[in-house]
Amino acid sequence: MIRFEQVNKHFGKLHALRNVSLNCEAGQCIALVGPNGCGKTTLFKSILGLVVPDSGDISFDGSTLIRSHLYRSRIGYMPQIGRYPSNLSIGQLIYLIRQLREEETQADLELLEEYHLESMFEKPMRSLSGGTIQKVSATIAFMFNPSVLILDEPTAGLDPLASEILKEKIKKELAKGKLIIISSHLLNELDELATQVIYMQEGEIKYHRDITELKEITGETMLSKAVVRMLKQASYV
Amino acid sequence: MLADILKNRVLLVYTLLLGALAWASFLLEDNSSKGMLTLLNIIILTVPLVSVLFSTIYVYNFNEFLELLLSQPLKRSTVWLGLYAGVSLSLMLSFFIGAGIPLLIFQLNTAGFMMLALGILVSLVFVSLAFLATMFTRDKSKGVGIAVMLWLFYALLFDGLILFILFQLSDYPIEGALMMISFLNPIDLARIMILLHLDVSAMLGYTGALFFDFFGSSTGILLTFIALCIWCWIPFQISLRKFKKENL
Chain A
1 MIRFEQVNKH
11 FGKLHALRNV
21 SLNCEAGQCI
31 ALVGPNGCGK
41 TTLFKSILGL
51 VVPDSGDISF
61 DGSTLIRSHL
71 YRSRIGYMPQ
81 IGRYPSNLSI
91 GQLIYLIRQL
101 REEETQADLE
111 LLEEYHLESM
121 FEKPMRSLSG
131 GTIQKVSATI
141 AFMFNPSVLI
151 LDEPTAGLDP
161 LASEILKEKI
171 KKELAKGKLI
181 IISSHLLNEL
191 DELATQVIYM
201 QEGEIKYHRD
211 ITELKEITGE
221 TMLSKAVVRM
231 LKQASYV
Chain B
1 MLADILKNRV
11 LLVYTLLLGA
21 LAWASFLLED
31 NSSKGMLTLL
41 NIIILTVPLV
51 SVLFSTIYVY
61 NFNEFLELLL
71 SQPLKRSTVW
81 LGLYAGVSLS
91 LMLSFFIGAG
101 IPLLIFQLNT
111 AGFMMLALGI
121 LVSLVFVSLA
131 FLATMFTRDK
141 SKGVGIAVML
151 WLFYALLFDG
161 LILFILFQLS
171 DYPIEGALMM
181 ISFLNPIDLA
191 RIMILLHLDV
201 SAMLGYTGAL
211 FFDFFGSSTG
221 ILLTFIALCI
231 WCWIPFQISL
241 RKFKKENL
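Chains as they are written, first to last, in this note's numbering: chain A, 1 to 237; chain B, 1 to 248.
In isolation and in its complexed conformation, chain B is listed as follows:
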């Protein structure tokens, strides 16, 4: 199963793309902190998109093989878990080779490790969401549509909504609530976490200071990681429950 995924051209392109972007952003910027910022913006958009799309398409293409596997003496949960492990391991590997190696070369510090860990966690979250999306419809194009919508929502729309709320309620002290809301978006969590470990966080102003207080503390970091793990766990569990009842 893994051999099949690893031979996939899409993943190779993904690895090369990430690699090229990472090397470029470190080599073209004069200091590596700026390079990190560039890389952050790229990763925060491409990693979720590729993870969610690749997994959705892969699961749909796997459908007929699923039939063969399930006519063998295998439990449904074993098959689903195996599929998840296969997809997410290969995406993690791509991320590690593409973005992880340059990160470890140029940014061998907390921020670098943080980005590596968060990149992997965000991949896992979006694989889970993709698995959930595939369980909502048998139709591949609809499923891919749902996956893209999920990405669009978390990568772009969510921030727009937050900005809207921020402007509407700017007279009230909503920073605390805002922090809680960011737990609803795995991409935001990762972004805030990495930003706060870069030097630029000093320029974030009052709200930034507040965020720093919370997300910079060890409880904040711990909570973020737990939240991201929950983000992986719950969509996957729901998809597993649906998969057990699925007719093939």
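Pulled out of the complex, with its shape left as it was, chain A reads as follows:
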């Protein structure tokens, strides 16, 4: 569904993506893990067209997505840090985005209800806590029933209850056969969701495997341990 071919990206001297080739299919839930600054967010942003690669090609459903924009109606993106115009209220923000995506008539407001955001519709964005902003970002990402969900550290800053709601939602969407890509440092959380793991380091994809396969190779039952074990066996990969 999403395919990277030899993608490279530099930011000045920093080589943010090195020859990244990748193939993601519908129905997969991919955990993107790696140390801080390894290029996870850059990878996400290049799918969204926020970052234009220096070389290589990224395609969405077989056609290139560079310099096109319509494909984005099928992607829901939850940024790592959502910052919104401080004077808008939650209600106005959601209304604005629904207007931008006029083609969708019935919006998926499940998260909106579960997070009880309606009661805060009048609150301006600047008065919200980090966690509430994350809830708003999540609601917006899931609102239009996208076929691809890109979640950048979705549970960072959410309280346990809220992150549980989000995980349930992710599972539900996964069951509908969507492609979900999550980056997170909380490997235990990803354990119950992910079907595949991509490990990135310094802009390079170190490995991309099925979780079951990964656990078999390393002989570990926990994803967190398996990821680390795999790294230690780097020569083996």
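Incorrect hints may appear among the rest.
Claimed, not checked - Calculated pairs, EDC-like style, for lysine to aspartate or glutamate (alpha carbon to alpha carbon, straight line, at most 20 angstroms):
#1 B:242 with A:54
#2 B:245 with A:192
#3 B:244 with A:57
#4 A:13 with B:175
#5 A:225 with A:192
No lab work stands behind these hints, which were simulated from the structure alone.
All values reported here derive from a predicted model rather than from experimental measurement.
Starting from the known structure of chain A, fit chain B onto it as the hints suggest.
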């Protein structure tokens, strides 16, 4: 987007300030022509400054929201154009309410309309320049610095340079060239245009007469307006081209 800008306190203060200054300069001076002159000097300094600073800061603060908008199925040019329209419309509205209404009450003549139109055009030019400034650096403080430098250059330094050239080359007939040079500065264009529509233009002497010949004619007026439109268009186009390639 517009609702967000209109709620901005800075703009409210700007409107009130312009309003206060405009009313004061008309009510305190005994004839409205003198009031116009006072107002002209105020407008020629504050309008570009507020336009360029407000737009620069607004665009930088908009950055994260830009990310959200661009992850929606929207073209980059649509987003940039929308942002420009939002910022410039609200600045125009502030100018109209603040300075435009007193102008229409006290100076319902060509000079009044001229000042209104030129004030709006100058706002647009400086919004464009601000958009261009934001594309040169990701750093907000540097961007604001560039914006202030642009204002400083056009509002003060440019005239100083012209004076310098004038003194150095005073033995040569450079009035014609001088007129052409003033096309390089949108603020000067607006200032000359308004001055020539006030009664005081009679006191400007030989050079003034020459300016009057050119800028007072309908071709001169037309050329001035076209020049100001080009001043809006080109910086905005360059910024748009850069924005399309920008990494967020």
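Hints, verified against the model:
1. B:242 with A:54: OK: residue 242 of chain B and residue 54 of chain A at ~15 angstroms, within 20 angstroms.
2. B:245 with A:192: 39 angstroms, violated
3. B:244 with A:57: Holds, at about 18 angstroms.
4. A:13 with B:175: 51 angstroms, violated
5. A:225 with A:192: 14 angstroms, holds
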